[in-house]
Amino acid sequence: AEPADFHIAGILAFSGAYGIIGKDMRQGVELAIADRGGKVLGKPIRVSWEDDETKPQPAVQKATRLLAGGAQMIFGAVGSASTLALQSLADQRKVPLLVTISADDKITRVNGSRYTFRTSNTLGMEIRMSLEFAKVRGLKKIYGVAADYQATRDGWTMFQTEAEKLGIAIVGIDFAPLGNRDFSVIVDKMAKSDADGIAVFVTGNDAVTFLKQSGQVGLGRTKVQFGPVLQDETLAAAVGPAAVGVYSGVRYHFSYDSPANKTFVAAYRAKYGEFPSSFAGEAYDGISWWLDVVEATKSWDRERWVDAFAASTRENSLEGRKTMRACDHQAAQVGLWGVVTEGQAPLPPLTMKITNVFEPANLFDTCS
Amino acid sequence: MTGGALRCEDIQVAFGGLKAVAGVSFAFEPNRLYGLIGPNGAGKTTLMNALSGHATLSGGKVFLDDRDITRLPIHARTRAGLGRSFQITKIFAGMTVLENLELGAFAHRHRVQPFWLPAGRFPRVREDAEKVLEQVGLASLAHMPAENLSHGDQRALEVGLTLLSDPRVLLLDEPLAGVGHDRLEQAIGLIRRVVAGRTVLLIEHNMDVVMQVSDAIVVMVQGQLLASGSPDQVKANPAVRSAYLGEDA
Amino acid sequence: MTISSRLGQLIMAAVIAGMILVPLISRSEESLNLVSLILIWGLFAVGFDLIFGLAGMLSFGHAALFGAGGYALTLLMTKAGLGFMPALAGAGLAGAAFAFVLSILALRVSGLFFSLLTLALAQLAYILASTKLRAFTGGLDGLPGVPRPELFGLDFYDNRTFYYFLIVVFLVGLAVMALLRASPFGKALRAIQANAVRADQIGFNVQRLRQCAFMISGAYAGVAGALLASLMFYISPQMLHWTTSGDVLIMTLLGGKGTLLGPVLGVAVFELLKEELSQITQHWYGILGLIFILCTILLPSGIAGLFAGRRDKGDAR
Amino acid sequence: MSTIVIGLSLSFLLFLLAAGLTLIFGMLGVINFAHGALYMLGAYICYQIVQWTGSFWIGLALAPLVVAGLGAAMERLALKPVYDRDHVYQLLLTFGFILVIEEAVRLVWGLDYKQVPTPDLFSQPVALFGSQIPSYRLFIIVFGAVVSALLFLVIDKSRYGMVIRATSSDSDMAETLGINVSRVRTFVFALGSGLAALGGVVAAPLVPIELGMGFSVIIDCFVVVIIGGLGSIRGAIFAALLLGMARALGFTYAAEWVDLITFSLLIVTLLTRPAGLFSRKGRAA
Amino acid sequence: MTALVLKDCDVFYGKAQALHGASIDVADGEVVSLIGRNGAGKSTLLKAAIGLNPLARGQRLVGGVDASAMKPYELGRLGIAFVPENRRIFPNLTVEENLTIATVMGRTGPWTLKRVHQLFPRLEERRLSGGDTLSGGEQQMLAIGRGLLTNPKVLLLDEPTEGLAPLIVESLIEAIRMINAEGVAILLVEQNLRVPLKLAQRQFVIDNGRMVWSGTTGELQANRERIESLISV
Ligand SMILES: Nc1ncnc2c1ncn2[C@@H]1O[C@H](COP(=O)(O)OP(=O)(O)OP(=O)(O)O)[C@@H](O)[C@H]1O
Ligand SMILES: Nc1ncnc2c1ncn2[C@@H]1O[C@H](COP(=O)(O)OP(=O)(O)OP(=O)(O)O)[C@@H](O)[C@H]1O
Ligand SMILES: [Mg+2]
Ligand SMILES: [Mg+2]
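Residue numbers (the working numbering), protein chains in the order written: chain A, 80 to 447; chain B, 5 to 253; chain C, 173 to 489; chain D, 607 to 891; chain E, 0 to 232.
By construction, these hints were calculated from the structure, which means they are not laboratory data. C-beta atoms are modelled at their ideal positions from N, C-alpha and C, and glycine is treated no differently. One should not assume that every hint holds.
[Said to hold, decoys possible] Here are the simulated distance ranges between beta carbons:
| # | chain 1 | residue 1 | chain 2 | residue 2 | range |
| --- | --- | --- | --- | --- | --- |
| 1 | A | G251 | B | T74 | 57 to 65 Å |
| 2 | E | A68 | B | K135 | 21 to 29 Å |
| 3 | E | D9 | B | K135 | 35 to 43 Å |
| 4 | A | Y351 | C | L466 | 53 to 61 Å |
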């Protein structure tokens with residue numbers, strides 16, 4: 080028997096470290112659902128939103144409950160740790176898990192989870208963008224700071240190896256505890272070094288803290304600060320004027336020039352009165368793609384959805400063409416790179432300007 | 005039962021610069037009751053703390069029946085037969101008087117506290133407790149939470165808890181302080197009865213009582229022994245009179 | 173114990189039993205999950221209260237014991253290839269062993285300083301687990317795929333079967349604890365809380381008793397941690413974070429410390445409130461806070477106090 | 607050299623964060639878990655004042671006052687009825703405060719980041735010992751030193767301090783000596799809350815202002831309070847200096863070990879001087 | 000003029016009634032003593048006088064004015080000083096602070112730190128020690144000194160000689176005489192009957208929370224046997 084509705088378990092962070100992200104993602108998803116008349120396979124779409132407090136345990140707990148109540152898929156989570164935890168649950172229960180924000184490379188890997196798909200960026204591709212940027216910008220000496228966390232440590236190792244291959248010298252690296260609240264000593268060391276580039280492999284609160292404190296000594300005046308996920312409009316607003324001139328990878332941007340994006344941004348602004356954040360954009364993009372594929376199967380068989388999605392390509396995604404790689408369930412896509420600038424109304428006062436668009440070929444390893 | 009012999013050699017206890025006990029040596033002979041007197045702050049309680057393990061010694065040794073117990077922890081001294089009461093009452097608040105006493109009996113009867121049977125299944129413990137309850141005159145208050153007792157009744161419970169470990173050497177720190185006028189005779193009687201067959205060290209400021217019950221008296225002043233001897237000898241000692249008793253005593 | 177408080181105990185037991193058996197009637201998977209959580213945290217809280225409510229030792233290090241159990245089960249099963257039951261026993265042992273190590277340091281002090289030292293030691297363990305011991309713990313990302321039992325040919329990956337398993341473990345744990353608390357050992361712990369100097373003086377080996385209690389409590393925490401990891405199929409150092417210790421403390425206080433069933437009640441109310449409030453309103457967080465505040469002011473000895481005729485005897489000021 | 611200056615700024619920042627906690631802890635015997643929430647509230651209110659008036663300094667002056675007022679209300683309404691009970695119940699209470707304060711902040715300011723810019727006066731770095739030292743850091747050092755000196759004089763040295771300490775150990779007896787105990791308690795809790803907010807205001811230009819900010823500092827505060835010895839302002843100053851310097855050195859040579867260094871320091875202190883560096887032992891019998 | 004009057008007072012601890020319509024009065028410049036066996040309600044009555052035990056029924060008059068609803072700190076400021084039976088020294092204050100805290104409410108009079116030191120020289124020697132390091136007897140001296148330093152109009156003394164060495168007891172008795180001569184009314188609870196017989200003009204006997212006898216010291220001595228039978232078991 081067909082279920083009464085298409086029930087999605089939406090596990091996002093509405094509180095905790097990433098609490099601010101959940102709301103935007105939810106808005107993106109709700110717009111995507113509204114765009115298709117609220118239905119898929121002829122049944123109404125129902126999303127149960129749950130707050131994982133940016134912690135894996137509640138994420139699993141709440142997802143378990145929703146799946147027990149008959150949810151057909153999971154959408155989320157935000158933090159990579161939560162997502163990784165949800166993966167084993169999804170495999171266990173054989174329900175699809177759609178990821179549109181968590182960036183840890185481990186989430187999509189060859190022979191990884193059959194049921195997990197990611198339509199958004201990986202940290203790996205963002206680190207490649209950082210490398211591409213260092214190359215394009217002609218940086219010679221780089222001082223780095225990275226969070227003492229597996230994914231950023233791995234990312235840094237890769238960055239350092241590749242950079243040294245390109246003849247870029249790494250003059251220093253500090254691993255700061257996650258959630259560090261004082262970077263002044265590290266900033267001082269950086270200021271005293273002869274580096275021309277500062278690679279900042281931290282994100283969220285730590286990124287804001289770093290940039291606020293480096294701003295107090297004017298580090299950005301003499302050196303270029305950049306990082307894979309260092310800034311977006313939300314974080315820049317938290318940093319203030321010191322953010323101007325900082326380069327960062329951008330997951331999605333409302334200024335990206337594509338027909339689909341123009342329509343989306345207009346609709347989003349009309350509905351919510353603000354520009355869509357990268358979280359809203361990625362969420363909208365991912366869920367629209369997924370629902371279209373589900374619709375096309377004309378079936379309620381989850382295995383059919385998974386097979387179909389693994390082989391799909393989206394020509395008209397917000398960021399142009401995206402290809403789902405059957406080998407690791409990661410969507411290959413372009414990489415956006417930008418700089419924080421002062422924006423004119425109606426843009427936010429600090430807004431990202433896209434400076435580079437890197438091609439997927441440069442950002443993804445081939446996989447078989 | 006016979007009382008144990010307690011001996012201390014050059015005991016010293018210092019708190020910062022203050023020498024509360026400054027080299028006390030004394031041998032307490034078995035089966036005798038010693039009254040320990042001296043001005044306030046002379047170091048009587050501290051000496052007792054040194055004997056029972058509640059003070060850290062900066063020098064000296066304590067022997068119980070020729071066994072060196074200087075480094076023994078408090079509970080082990082109790083098990084070795086050394087009991088004491090405190091000047092500042094220490095009872096188990098939140099429990100009834102009877103429960104207080106039962107705990108004393110459990111501690112005394114069991115080296116490892118049984119965890120496989122409910123506490124109610126130990127009739128002998130209850131008997132022990134009830135016996136002491138009677139002795140210290142608290143029978144009518146058996147089920148009163150101990151912290152609700154009046155001051156004098158708490159003092160009685162304090163002494164009762166000490167008796168349960170059936171010590172061979174008994175250290176009593178002002179057991180009669182706070183005991184009512186009406187009960188004094190009874191309390192002295194109790195002391196006389198329980199001391200039989202034990203070695204007792206009694207601190208007390210009520211001279212009538214001390215002189216009446218002690219076999220010998222030890223006088224402490226400023227952390228040191230000033231005099232010792234029979235009650236009459238001590239009473240007659242001029243140094244003791246001027247330091248402690250006052251002329252009209 | 174007065175008649176009315178015995179009646180109160182009975183009512184409380186009935187309430188808890190009713191709550192635990194709800195899934196049998198409702199057949200809803202959601203309540204199944206909720207009750208499973210209550211059983212596991214209930215076991216944790218019951219163990220916690222042995223030292224907190226009885227011996228008066230407020231440990232802020234129980235998160236580490238909880239986590240140690242979880243990791244012990246995970247590693248013993250996935251790396252050492254042990255079966256579930258031996259691994260669960262291993263988890264209990266790990267909790268006790270870790271408690272032993274903590275106790276060597278933390279029991280040198282008492283009162284508030286014990287709390288603070290256990291907090292510091294557990295935080296140290298948390299930091300180590302989340303940074304330096306990544307190879308074993310999976311770092312902050314944790315380890316997914318914690319297994320469940322394979323016994324008597326039953327499918328414990330089925331939540332209902334696992335729930336029955338949890339009931340058995342919980343009841344055994346509860347019964348053992350009931351005996352411990354009523355035994356002279358339990359009385360001695362109460363005595364230590366009431367007056368440690370006196371307890372020592374009448375001949376209780378206070379340090380040893382405290383250490384034993386701490387280790388038993390650690391074993392409960394270890395088993396509970398292992399069961400939680402298994403229920404979630406997931407474990408991370410987050411389990412070792414001091415907030416986990418805070419949670420179990422809050423639950424115990426809410427339910428009523430110093431009683432056998434109070435902590436379980438606290439766990440149940442806490443989990444139910446979280447679950448239900450978050451479905452009703454976005455502002456559940458604040459409402460939960462208000463409820464805590466009101467409970468503190470209005471219920472002097474926790475929710476269990478509603479059932480008891482008078483203050484629990486061990487609950488000394 | 608620059609490490610020392612930065613270390614000093616870390617120290618005094620730590621002191622400002624922890625002062626209110628140690629005060630309430632030592633003087634009222636209340637472990638105020640809501641300290642972090644009050645700290646956060648201070649930062650948010652400062653943000654709001656800066657939005658309205660454009661001046662950080664007005665924020666610095668007013669936000670602690672507002673929060674102190676709130677602290678007074680919390681004490682009167684919630685804490686007062688439970689003083690006579692086992693202290694642990696206050697944990698549940700202050701835990702409740704955290705949730706309520708966080709909810710209120712979420713309702714008023716929402717989830718997104720706020721920021722308070724560095725005040726103009728201190729926005730430029732100064733060259734010192736071959737480093738560019740943010741002048742705001744120098745401000746923190748001076749301001750922290752002044753606040754710590756004031757607190758030391760008031761709490762450890764003055765009659766008020768004596769009254770407060772007496773109230774904390776035996777309120778009934780203090781009351782018979784003519785001390786209006788409930789007013790003293792309210793005052794102390796208000797002062798402690800105000801100090802928490804002051805910490806939040808001073809930290810505001812340095813860190814992102816968001817809901818989790820209070821949660822993340824509370825452990826640091828505890829470390830300072832414990833090392834210093836509960837309730838001793840002198841101890842807290844000393845502990846903050848020790849810790850600040852240790853962290854500055856840690857960041858210089860081994861950043862990833864900083865947290866471990868902090869906790870090892872704490873554990874060593876507790877093992878050698880269980881009651882903190884500045885503690886005094888009473889008698890057991 | 001009466002310094003302090005308690006009239007028909009009932010006091011409860013929880014549900015248990017500890018005072019049943021007890022009355023007592025102390026005139027200006029008078030020493031009144033209250034005797035009774037352990038648990039009779041003596042301390043309870045003193046605590047009711049200073050306001051630590053609320054009156055469920057009855058009246059408290061201070062200097063003729065109704066003070067039934069006053070809080071302890073208001074009574075303290077009016078000049079009632081309390082020396083409790085278990086001393087209640089502030090452990091976290093030094094000896095000197097334990098004394099000076101009595102002066103913060105600002106009552107001045109003949110008693111100064113110096114005079115307390117003269118009375119109890121031991122307290123001067125231990126000036127800077129923590130209150131909780133003192134010996135039992137030293138703590139007792141401190142509690143009395145603290146009470147005196149409030150320069151009271153009425154002094155409530157609960158077993159002040161407990162734990163004091165004989166010499167000190169003598170000087171305390173002298174001191175109480177002197178204080179009394181300076182016009183301070185004193186309500187004294189003592190186990191050691193010797194002291195009240197020496198000092199008090201009038202005696203009250205309490206048993207089971209009820210006043211069972213009152214009269215002058217002379218009357219007490221005349222009826223000693225009857226009264227002892229009233230209060231012994
Ligand atoms: N822990 C401590 N720290 C500092 N000083 C102490 C400590 N314990 C005792 N003292 C001091 O040592 C001295 C002796 O104290 P002790 O209690 O032994 O006197 P005591 O002879 O028993 O007097 P009392 O008859 O008044 O009970 C006192 O001056 C006391 O203040
Ligand atoms: N806090 C309390 N809670 C309950 N009952 C109490 C409390 N304090 C005293 N009582 C009871 O009140 C009665 C009177 O006690 P109170 O302390 O006034 O006696 P007292 O005459 O001072 O005796 P003592 O000579 O032993 O000091 C006693 O029966 C006692 O058990
Ligand atoms: Mg003494
Ligand atoms: Mg009394």
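Structure-based check of each hint:
1. At about 58 Å, the CB distance of A/G251 to B/T74 agrees with the hint of 57 to 65 Å.
2. Between E/A68 and B/K135 the beta carbons are some 48 Å apart, a value that contradicts the proposed interval 21 to 29 Å.
3. In this structure the supplied range 35 to 43 Å holds for E/D9 paired with B/K135, their Cβ-Cβ distance being about 37 Å.
4. At about 37 Å, the CB distance of A/Y351 to C/L466 disagrees with the hint of 53 to 61 Å.
Of the hints listed earlier, those the structure fails to meet are numbers 2, 4, in rising order.
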